[in-house]
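Student: Just so you know, the sequences run in chain order A and B.
Start counting the first sequence at 1; every next residue gets the next number (the working numbering).
Start counting the second sequence at 1001; every next residue gets the next number (the working numbering).
Incorrect hints may appear among the rest.
[Unchecked claim] In silico DSS-like pairs for lysine-lysine, Cα to Cα no more than 30 Å straight-line:
id	chain 1	residue 1	chain 2	residue 2
1	A	K55	B	K1055
2	B	K1296	A	K296
3	A	K296	B	K1055
[Stated by the list, open to error] Chain A residues, not near chain B, derived (Cβ > 12 Å throughout):
id	residue
4	L12
5	K55
6	L151
7	F201
8	A256
9	A260
10	R280
11	G318
Quick caveat, the hints were computed from the structure, so don't treat them as lab data.
From the three backbone atoms N, C-alpha and C, an ideal C-beta is built for every residue, glycine too.
Below, each chain spelled out in residue letters.
Protein chains: 2
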Amino acid sequence: MAVYTQVSDEELIAFLENYELGPLLSCKGIAEGVENSNYYLHAGAGSFILTLYEKRVAESDLPFFLGLMEHLSARGVTCPLPVRNRAGAALGRLAGRPAAIITFLDGYSVAHPEPAHCAALGEALAHFHRAGADFPLRRQNTLSVAGWRPLFAPFAARADEVAEGLGDIVAAELAYLDANWPGDLPSGVIHADLFPDNVFFLGDKISGLIDFYFACTDALAYDLAICLNAWCFTAQGDFEPDKCAALLGGYSAVRALAPAEIDAFPVLARGAALRFLLTRFVDWLNVPPGALVRPKDPKEYLARLKRHRQLATPSGYGLGSGFGE
Amino acid sequence: MAVYTQVSDEELIAFLENYELGPLLSCKGIAEGVENSNYYLHAGAGSFILTLYEKRVAESDLPFFLGLMEHLSARGVTCPLPVRNRAGAALGRLAGRPAAIITFLDGYSVAHPEPAHCAALGEALAHFHRAGADFPLRRQNTLSVAGWRPLFAPFAARADEVAEGLGDIVAAELAYLDANWPGDLPSGVIHADLFPDNVFFLGDKISGLIDFYFACTDALAYDLAICLNAWCFTAQGDFEPDKCAALLGGYSAVRALAPAEIDAFPVLARGAALRFLLTRFVDWLNVPPGALVRPKDPKEYLARLKRHRQLATPSGYGLGSGFGE
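Extracted from the complex, chain A is given alone in its bound form (with noise of 0.2 Å):
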């Protein structure tokens, strides 16, 4: 759920001037998203998403996120198209925040995936990197491998209260990833949150791709890494390998991996669970008296990690040299 800024009638009605979009409608805002506000737009034109761009967003990356949207969109990926207003910018100003205005994408998220949609998945996120290719700003992926132990230092004397053990394990784990963390992988524009909130489908087909608001330069790899543990694990933690099957099938039939991406895939992975449950573990240290927004559970990445830990090479994951170039 997210509506942080409300906007009245008046504000939204002067703001929709600077756009050839045609009068107001109606505006309802939306649970989707949990950084921003969104709301359904209806306007002459048709229908849209407004976002007006909360605090956790810094404002000098607006243009990277939105510039990503208009290239891809461009390069025959689904995802929101920015509108411009009349003087051509997409980025405007509403309720005394960065908002703007994109297209509104038909499709729905599934609740539970199946192997179908881990394929589609696949070869979308794989089309993604391809059309990401010569995206020429970047934007440093501040929730990697560099940027765990500053998220969790402040929070670590608290790790217990979440679950036993927990403190021990993380700090085993960074070291771990710091020392083995692949530095010289293909790298390019990757989503970075790629989970089933983000990914809408119409039956089996994607319709879009949404939120690129974690979108930066990193290692392509990783991004599959991470959407294999938002995609290809049960509530309870459990590995599905006919999903990841499905997901890396779909991903290589676009994209083949590089040898070295095949070598790193299980050390990715256990960054991708890692960077997840940090997140979640500081959300859930730190919610607001208030707060409209529950968090999710760190508990659900503790047993994914536990499990990367086990499959441990490039085979647990079913990765061959058929996935490769």
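Please build the complex by placing chain B on the supplied structure of chain A, with the hints as guidance.
Tutor: Coordinates of chain B only, in the frame set by chain A:
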């Protein structure tokens, strides 16, 4: 904000198969209404609102509410129309809850109503009352004078937590209203919650009335007194005579007030202020931990109540023979 019950894509697709609305295209939780879970629903046949009825709404009342919308809509009142399923039923069941699909109305709520909006509201309310005159179902108003003491009593000892002296003020007001509440005014179906959130405008024209889940059978002029409280005061509790004149003028142009309604109006206005003071007070003391809804401030209605005591007579509201039959 209100999305209490999550609906999975599988459940929704199965539910839609009961309707002739085509395939599911999109469904997003929206921040509308506080009693129920509401979704913007895009299906093959167009845009709709999907409502899941939560525990605060009695299931036995749903035929009254849904029947009322059908009755009013058939008589030209622009309100949502329940969509009947293939079996001819307006009410179904989804995610363990009673659920209905209603038509989507364009329009937006006005944050700062002007007199022109109040005049349009008055006309619309009078049309509503006239259209409801032959509605055959009845529903008792559990939030009228007989309901206020039982509502207040369990929390009376905590009244001064909210405002100093509140307990004494409410006790005195309950005594006054018990003694002076009019018993024999023209009655019929009333909306009973026609706040600005529940009235959609396109420009100065009303495009729809929504949220009929407090509708009941009661004095028609009490509905007008509720609107007076909701539309004709500043947030600080200052009475705005020009908006009051516009509201009462708009109403009486469509449905003339009986002399008894004019005489009783000051008492009805006090009662309406007390009703929202009491429900807000109880909600204020009963915010559950982790609530997704911020309670509204009861003190806004304490200020209104005090002002009504000063206005005191029909002429205090500008009511004279020009508004009557």
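Student: Would you check whether the claim that K55 (chain A) is not at the interface survives, using Cβ distances to chain B and the 12 Å cut-off?
Tutor: holds (19 Å)
Student: Looking at F201 (chain A) again, its CB stays over 12 Å from all of chain B?
Tutor: Nearest chain B Cβ is 8 Å from F201 (chain A), so the label is violated.
Student: Given the proposed pairing of K1296 (chain B) with K296 (chain A), does the C-alpha separation stay at or below 30 Å?
Tutor: holds (27 Å)
Student: Minimum Cβ separation between A260 (chain A) and chain B greater than 12 Å?
Tutor: holds (37 Å)
Student: Between the alpha carbons of K55 (chain A) and K1055 (chain B), is the straight-line distance 30 Å or under?
Tutor: Answer violated: K55 (chain A) to K1055 (chain B) is near 35 Å, above 30 Å.
Student: Taken at face value, is the distance from the CA of K1055 (chain B) to the CA of K296 (chain A) at most 30 Å?
Tutor: holds (25 Å)
Student: At 12 Å, judged by beta carbons, does R280 (chain A) keep clear of chain B as stated?
Tutor: The claim stands: R280 (chain A) keeps its Cβ more than 12 Å from every Cβ of chain B (closest is about 17 Å).
Student: Closest CB-CB distance from L12 (chain A) to chain B, is it above 12 Å?
Tutor: At roughly 8 Å from the nearest Cβ of chain B, L12 (chain A) sits no farther out than 12 Å, so the non-interface label is violated.
Student: Taking the shortest Cβ-to-Cβ distance between L151 (chain A) and chain B, state whether it exceeds 12 Å.
Tutor: Fine: 25 Å to the nearest Cβ keeps L151 (chain A) off the interface.
Student: Non-interface claim for G318 (chain A): all C-beta distances to chain B beyond 12 Å?
Tutor: holds (27 Å)
Student: Holds or violated: is the Cβ of A256 (chain A) farther than 12 Å from all Cβ atoms of chain B?
Tutor: Holds: least Cβ distance 32 Å, greater than 12 Å.
In summary, the structure is inconsistent with hints 1, 4 and 7 from the numbered list given earlier, while agreeing with the others.
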